[in-house]
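Peer 1: Here is how the chains run, residue by residue.
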Amino acid sequence: MNLRVIKFFFGEALISLRQNMVMSIISVMTISISLILLATFMMLFIDMNSALGNVSRNLNVVAYLDKDITSVGISKVEEQLASIGGIHSFTFVSKDDAWQRLKSKFRYQEDIVTLVVGNPLPDSYIIRLNKIDDIEKITRDLGLIDGVKDVRFGRSMVTKLRKFVQIFNIVAISVVGFLLLATFLITINTINLTILSKRSEVQIMKLVGATNSFIKWSFLIEGFILGIVGSLLATIISSLLFHFVNVKIQDAFPFIGVFTQGLDLLTLDLILLGLGTLIGVAGSFFSIHNLLRGILKK
Amino acid sequence: MIRLRNVSKTYNKHFLVLNRINLHISKDEFAFLVGPTGAGKTTILKLILREDLPDSGTIYIDKVNTRDFREAQIAKLRKNIGVIFQDFKILNRTVYENLAFVLKIQGEKKQAIKEKVDYVVNLVGLEKKIHCYPYQLSGGEQQKACLGRAIINKPLILLADEPTGNLDPDSSWEIMQILNKINMSNTTVIVATHDKTIVDLMRKRVVAIHGGNIIRDQQLGRYHEPESY
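Listed in order, the protein sequences are those of chains A and B. Anchor point for the first sequence: position 12 equals 12 in this note's numbering, and the numbering is continuous, going up by one each time. Anchor point for the second sequence: position 204 equals 204 in this note's numbering, and the numbering is continuous, going up by one each time.
Do not rely on the hints blindly, as some may be mistaken.
One-sided excerpt, in silico: chain A residues whose CB lies under 7 Å from chain B [as the list claims (entries may be wrong)]:
hint : residue
1    : Ile6
2    : Phe8
3    : Phe9
4    : Ile204
5    : Gly209
6    : Thr211
7    : Asn212
8    : Gly274
The calculated label-pair distances, taken between Cβ atoms and stated as ranges, are [claimed, not checked]:
hint : chain 1 : residue 1 : chain 2 : residue 2 : range
9    : B       : Tyr60     : A       : Asn290    : 58 to 66 Å
10   : A       : Asn290    : B       : Asn80     : 23 to 31 Å
11   : B       : Arg20     : A       : Gly177    : 30 to 38 Å
12   : B       : Asn92     : A       : Ile6      : 19 to 27 Å
13   : A       : Arg199    : B       : Glu115    : 30 to 38 Å
14   : B       : Lys27     : A       : Arg199    : 32 to 40 Å
15   : A       : Ile237    : B       : His14     : 25 to 33 Å
Think of the hints as simulated: they come from the structure by calculation, not from any bench. Where is the CB? At the ideal position from N, CA and C, for every residue including glycine.
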């Protein structure tokens, strides 16, 4: 296909878009609105997932050391902690620090603290994990370290959180999947209507000797233009929307990590552009293929 | 040039439109297909244009069986056949763009397109309406634009389906004169019509069809409707 032919196809597509301005605008709006909806849900799910990740990362595992452990023993425990995979970070809490913290916690019930003779608390490590999924394996490994007496974490909380994340992921993937399918079907239907409105034009093209592939190319380029314009519009609107929501939510709830943390906005823009273009071209392809095969006689 | 041999065509399985038709139209000939509505005139044109296939029998265009044509050959055949219709069937573009479209899909260069379009609009008498859209043209002018599009490619065959059906007598006669001129320049012209006046004035070959059969085939013929009509 040489440059003149490509230029001709683009010219034909632009003429057709201009002549069917209303249907073209409807197609572009359908693609845009569907993609904005999809992007909103994607951002919501990704951010929720990211927030759940943060919660699970903040769940600490505490490894209590033997009461009579020496400083050499503590160093050895630390070396072994560093060699276990899946640990995000760990902090040593000496028995004296732990006792001070406890006392400060019960500063209004001093008599409780005074009842205790000496410091009954052991040295410990507070350990943060990369993923909540690894918690059982890591606590098992921690228990095997020489010098570690006990390992504790909020087991029931972890179980509930994990279950919630699993269900949330299934729901999120299903909703995004259905939205994607709905976007695809609605767009194909709209483009189908646009192309059906040009049925007589297609008939004339065939009568004056245009081949099926020639007609298909004209419409594919038209679909490409519809898709790219629709997705560009969706990209601009969703970027503005997310920026606005981001600023507003961060102002109102500064402790929440909101949009754009889970996914780079540029990546989302590229996904939208790719999806919009694909939907436009695929919609045109199915519609014109159907029109040429089913409606027109060869 | 065109040969129909024992051609039959049925619509909706029961409605027989053509019944074992045999017809030969030579190169450069001008022929009228006449008969009442539903006689089978348009079906013959559709079969020649390979818009449809016969149920039985064969159609040869330049000794090639149209049944053997593949998609690319059909497109090639249609580039050699100009068609005009009663309802014009022109694109919602200017006269120039309508005529240029046929040449563009064949990959013609801009300059060549301009020269050919200018020549044809002069031939059909639309030089002053070249940049007009269909809604700015009268019925006769739209038919001339359609005619211009049909001949721009210098087709070997020109098929006209009721070309004067929607036109006043003056415009009808003008269209027929242009068709005659085209025929003089070595194009086979086949006109399906039930316009008695035009047929009788032109004095060309007349093929009369009735009930799916050819009932009369006459050189320098007249319309002559049988009493059974």
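Peer 1: Each hint needs a verdict: does it hold in this structure or not?
Peer 2: Hints and how they fare:
Interface hint at Ile6 (chain A): violated, since its Cβ lies 12 Å from the closest Cβ of chain B, which is beyond the 7 Å cut-off. Annotation: interface hint on Phe8 (chain A) holds; nearest CB of chain B at approximately 6 Å, less than 7 Å. Interface hint at Phe9 (chain A): violated, since its Cβ lies 10 Å from the closest Cβ of chain B, which is beyond the 7 Å cut-off. At its closest, the beta carbon of Ile204 (chain A) sits 5 Å from a beta carbon of chain B; the interface hint therefore holds under the 7 Å criterion.
For the restraint placing Gly209 (chain A) at the interface with chain B, the shortest Cβ-Cβ distance is roughly 4 Å, inside the 7 Å limit, so the hint holds. Nearest Cβ of chain B to the Cβ of Thr211 (chain A): about 4 Å, under the 7 Å cut. The hint holds. The interface hint given for Asn212 (chain A) is met, as the beta carbon of that residue sits about 6 Å from the closest beta carbon of chain B, less than 7 Å. For Gly274 (chain A), the interface hint is violated, the least distance from its beta-carbon to any beta-carbon of chain B being 31 Å, above 7 Å.
The hinted window of 58 to 66 Å between Tyr60 (chain B) and Asn290 (chain A) is violated, with their beta carbons roughly 33 Å apart. The hinted window of 23 to 31 Å between Asn290 (chain A) and Asn80 (chain B) holds, with their beta carbons roughly 29 Å apart. Look at Arg20 (chain B) against Gly177 (chain A): about 59 Å separates their beta carbons, and that is not inside 30 to 38 Å. The hint said 19 to 27 Å for the Cβ distance between Asn92 (chain B) and Ile6 (chain A), and at roughly 24 Å that hint holds.
Roughly 33 Å separates the CB atoms of Arg199 (chain A) and Glu115 (chain B), a value that falls within the hinted 30 to 38 Å. Roughly 35 Å separates the CB atoms of Lys27 (chain B) and Arg199 (chain A), a value that falls within the hinted 32 to 40 Å. Between Ile237 (chain A) and His14 (chain B), the C-beta spacing of about 58 Å breaks the proposed range 25 to 33 Å.
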